[in-house]
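A.B. asks: The residues making up each chain are set out below.
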Amino acid sequence: MAFDPAILVQYWPLFLQGAWLTIQISVQAFLLGYTLGIAVALLGLMPGRLPRLAAASYVEVLRAIPFIIILFVIYYGLPFSGLRLPAPLVGTVALGLFASAYYAEIVRAGILALPRGQFESARAIGMSPLQAMRHIVGPQVARAIVPPSTNMTLTMIKESAVLSSITVPELTYQGLVVQGNTFAPFEVFAAVTLIYWGITLAVAGAAHRLERRLGVAQARSVSRNRLAASYLLLERESAR
Amino acid sequence: MTIPALKVSGLTKRFRGVTALDSIYLDVARGEVVTLIGPSGCGKSTLLRCLTWLEEPDDGFIEVGGRPFGRAVVGQVVHRQTRREIDALRPKIGLVFQNLNLWPHLSALENVARGPVVVLGRKRAAVEAQARTLLARLGLERQMDKHPHELSGGQRQRVAIARTLAMEPELILFDEPTSALDPELVGEVLGLLREIAATGMTMLVVTHEIGFAGGVADRIAFMDQGRIVETGPARAVLDNPTDPRLRAFLGRVLPSSPRVTA
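Chains A and B supply the protein sequences, listed in that same order. So in full-length UniProt numbering, spot 212 of the first sequence is number 212, and the numbers just go up one at a time. So in full-length UniProt numbering, spot 97 of the second sequence is number 97, and the numbers just go up one at a time.
Simulated from the structure, these hints should not be mistaken for lab results. Here a beta-carbon is modelled for each residue, glycine too, at the ideal position from N, C-alpha and C. Careful, some of the hints might be misleading.
Partner residues aside, some chain A positions facing chain B, computed with beta carbon under 8 Å [what the hints assert, rightly or not]:
{"id": "1", "residue": "109"}
{"id": "2", "residue": "113"}
{"id": "3", "residue": "120"}
{"id": "4", "residue": "125"}
{"id": "5", "residue": "127"}
{"id": "6", "residue": "135"}
{"id": "7", "residue": "140"}
{"id": "8", "residue": "169"}
If we strip away everything but chain B, and leave its shape as in the complex, we get (with noise of 0.2 Å):
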């Protein structure tokens, strides 16, 4: 059996009380792309929140291409990892954030570059080039001295998504990676995502476009206050839902497919 790129075991977050996360699993293959959709306020956003330790879970482990991250079990003991520990591992899980959250006082360029060199230590000349090859291929070779608000959309989302491939990570988390585009850069951002899964990146995408996740997803993951409701190859989630409450968002979702009410 291989080591799957992130392994998420019992994850569980409570904010005040309201349950966020109940005791989450989810098994991400390397090379997979897998989707999680569902209504809004299901608690997708705060699991790749806590996926990256950026929202401490409360319960729950993490392991990032078989290294746990953030609590590891030594013995019988649950150890948590120190603020270093969790630093060094950060890079290996790539989020693009929903709002992008891009540096404005850098360059598309800097931008790519100052991560590799602050936090992986590693050369500027070097990281410079990796960068500037890396937004090539992202088609920006023109937009590299730019600061990100000289940037149009889906600009601004390739250097989000330069952003993080720079630090060469196991897998990558989406944040609803079109939901703040017009809608005719849509279809270019999940072009993109296209390519990147072709590369055979690791991908967790949050998202709303049922298109894409059956076009592109290995696999579907439905979420429902704050649980993974229903998960599986994605055709099959799309096409026959078991889950009463998967053909209720579905139904929603899909103008298409016939609706079904809950």
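This is chain A alone, in the form it adopts within the complex (with noise of 0.2 Å):
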């Protein structure tokens, strides 16, 4: 048995397929999972018990649940209350409501790194809590957060394989179909895991660079220190 490379070049369209949904039903999940997750984390801040009850219990129940069993029930579960929708929109939507437990709980960390003073100063002032999350929290909590939000969103865009188990056709989907066709596993999902390596490789540079572009601001800060910048400068030389 030989590695045999015909059967990419012949099926090549259906990974392209299935990978370029994997890439939509990502992004979309994102951007769900993030809006959720920062809503939520605002939630579970806010004064009073019961904000705080209902968010805790919103992490808790999804962190609780592998994310199979979450995209199970949702899918099972959606047809008895009479609602028959796509299964890419289920499993887009399940994806996002999984990784927003985990966005929540990342936000929610970084504004409670931040000294509760600052929220308090923009208030004082006479910012509402949204101005105050807006142009004093938020800034200086993104550039924290977005490592560990980048390790979540790898972790979320290869769970998002599971959606092949209710026929989204997908990348792993196709994987299997084109297996099922030529009963070349090991060429398939090779050829599959480069390709979810090239989609999170590409996201983890993305990341990267934003949290350079985020650093810059306090970076330039530093230097104009000239302090601070002969500190820097010596740890160069030395490094050399």
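From the two separate chains plus the hints, produce the assembled complex.
C.D. replies: So, in structure tokens, the structure goes:
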């Protein structure tokens, strides 16, 4: 038995379609998940026990269930309430919900790590809680939460493979289809692996650039400080 | 009778059964400088936090320039103001925090300008021009584009004060403005407070600097265990304290004065 690249040459449109759908689903689930995550994080930080309890339960429930079960419960549960939705839509929503619980915890931890006085000084001059978040807390938290958010996003992209089990024709599903036609699992899944790797590599690279860009403002202000700059220069000198 | 800049009546705050503020009454007239002194833990900082509604008082009323803040009596009913109503009055009460809480991701200029733009909805160009004038007046014309960590302690203090002044408050509350400073900067900041007082700004200053309290303040209020125990013209309070607790406190903080034991 030899590695047969002809299979890949013959079926590349299917891989391409699958990859494209995986990317689309990931982007949509990310947007949905992060929006929900921020909302749940802010809910959890509101004064009063009820909103905090609601946010905590949301996170606890979604984190306690394996993703495939979340997916099955929604996909097979919705028809009971008379709602029949296309599998890709259900899968995307389920993926977004799953990720939102983790995003919520990342955002919440990021905000809690900031000294409370930052929020209070914004509130004291009359900013609303949302204005304080937007102008004072958010920009300071953003950089810190990029690395953990990237982790979660990569996990989520890989979890999207599970959507193949409810017939969403994403990358893994197409891989299974090609495998069924060719009986060449190694060739197929080697190709699928490379494509997933490419996607996650692109996301990680973008995240890294974002992190650097958010850090540039800080770095620039440090290098403008002559004392700090001299220390940084010394470090660079000794590193050589 | 003119309307006082600040009128506090029956202000009470409890933390889990511990009474931090016990029915505080305090009026501050327009242009008056009042210093609040007292042993640590007596409730001075809690009072300032309640006056800005960062801490919600359990009882009592606050009026700023004649307008009720936080709670109002409408007819016979005490009406708790909405968050929006409270936020709308907050710019009128400036608070300079003990640890300043400058925004590290913004330049000095932006620390000052962001409030009027976001909260008061002013035009950015006009606000920036005003902020530049303000910072220049405070001697920071060359520091405007620097971030807080590039500034010295005294400069940071000036930015914090400028940030508060930019909101055009009716009064400013200072929470121990000299406690976070190196000793040689204390004089500089006290001089600055004197300058601001000279412009006619109404000020309520929590301080440990009895010298400042005596030299600049029109009035001194002495707090102990959540109550204002004694209040009066600055010199009178310092020279002829009547309350034994105030005498004991002054005995501890003024080494030159005769030691009085409680």
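A.B. asks: Hint by hint, where does the structure go against what was stated? Just the numbers, ascending.
C.D. replies: When the structure is compared with the hints, numbers 1, 2, 8 turn out to be violated.
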